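**Q** Chain residues, written in single-letter form:
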Amino acid sequence: MPATRRQFLSLAGSVTVAGTIPIVTMRPLEATPAMLSTAIRNVVGEASIRNGKVKLDIPPLVENGNTVPMTVSVASPMTATDYVKSIHVFNEKNPQPNIGNFYLNPSSGRAQFSTRIRLADTQKVVAIARLSDDTFWQVAADVVVTLAACTEEVN
Amino acid sequence: MTALINVPAKARRGDVIEIRTLTSHIMETGFRHTMDGALVPRDIITSFTCRYNGTEIFRADLFPAIAANPYLSFFTVVQESGKFEFEWIGDNGYSSTASASITVE
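Heads up: the protein sequence lines correspond to chains L and W, in order. With the first letter of the first sequence counted as 1, position 90 gets the number 90 in the numbering used here; the numbers rise by one all the way through. With the first letter of the second sequence counted as 1, position 75 gets the number 75 in the numbering used here; the numbers rise by one all the way through.
Isolated chain L, as found in the complex (with noise of 0.2 angstroms):
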């Protein structure tokens, strides 16, 4: 007997249910690469962001997403008129894109900075910057999380 379109129907409607409610009630607060975007955009704006230059030194995989540790470099020779102004860390899944915006000047000598970040899920880093040309340079490592942070119960 071929199926009808109300046994279809019931069939697809169980099937949607039983493939995203779960993931929705577990993480409702994901950024989406879409917030992403938009959070890159609110730094960016309109110019064009280049591959190179920037190193995001972050563990592959992490075991506790509460505190991963991250070191960002930029290759820039650091003068009074070659220099980064500022680097910008973003995320692919956390409730919220936005890490961390850093900001140098000639007088840093070098460009680079550490921190230590949290990670809610396997995903992937972004680290953009600005240099003195108003040029933007980027760089993405994808990071594997086995325990995540941010969003457990507070005990």
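Source of the hints: derived by calculation from the structure; they are not laboratory data. Worth double-checking, as some hints may not be accurate.
Claimed, not checked - Among the chain L residues that face chain W by a calculated CB cut under 10 angstroms, a handful are:
#1 Leu61
#2 Asn94
#3 Phe102
#4 Arg110
#5 Ala120
#6 Trp137
#7 Ala141
Small disclaimer: the values here were computed from a predicted structure and weren't measured. For every residue, glycine included, the Cβ atom is placed at its ideal position computed from N, Cα and C.
Given chain L, put chain W in place with the hints provided.
**A** Relative to the frame of chain L, chain W by itself:
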């Protein structure tokens, strides 16, 4: 004093030195819930600034993705002896300062 500051005591003129800072703060994300479902309000440090003899040399805007007890290390060129002043500003009127001196030869 809730901050740990690591600045070299001495440097030569024109040296690039590393400054490391660690301050104590919960950095509550504002995305966590208690067992009975109530949202825990956000309480983070939103801004860090380092000044050297009054001039800003490094600044950062921080978001909830920065780990608890924020650690920051960065670099600067030293030209003269002086004092580094550090300031953390955050939610609920949080403010904290620290300072460290360096002798430049």
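**Q** Given Ala141 of chain L as an interface hint, is its Cβ closer than 10 angstroms to any Cβ of chain W?
**A** Because about 15 angstroms separates Ala141 of chain L from the closest Cβ in chain W, which is outside the 10 angstroms limit, the hint is violated.
**Q** With a cut-off of 10 angstroms, does the beta carbon of Leu61 of chain L approach a beta carbon of chain W closely enough for the hint to hold?
**A** violated (17 angstroms)
**Q** Was the hint right that Arg110 of chain L lines chain W, CB cutoff 10 angstroms?
**A** holds (4 angstroms)
**Q** Under 10 angstroms is the threshold here; is the Cβ of Trp137 of chain L close enough to any Cβ of chain W for the hint to stand?
**A** Since the shortest Cβ distance to chain W is 19 angstroms, the answer is violated.
**Q** Go through the hint on Ala120 of chain L and say holds or violated, using the shortest Cβ distance to chain W against 10 angstroms.
**A** With a minimum Cβ separation of about 8 angstroms from chain W (threshold 10 angstroms), the hint on Ala120 of chain L holds.
**Q** With 10 angstroms as the cut and Cβ atoms as the points, is Phe102 of chain L at the interface with chain W?
**A** Holds, because the Cβ-Cβ distance from Phe102 of chain L to chain W comes to roughly 5 angstroms (cut-off 10 angstroms).
**Q** Under the criterion of a CB-CB separation shorter than 10 angstroms, is Asn94 of chain L in contact with chain W as hinted?
**A** Given a least distance of 5 angstroms, the restraint on Asn94 of chain L holds.
The structure does not agree with the numbered hints 1, 6 and 7 stated previously, though it agrees with the rest.
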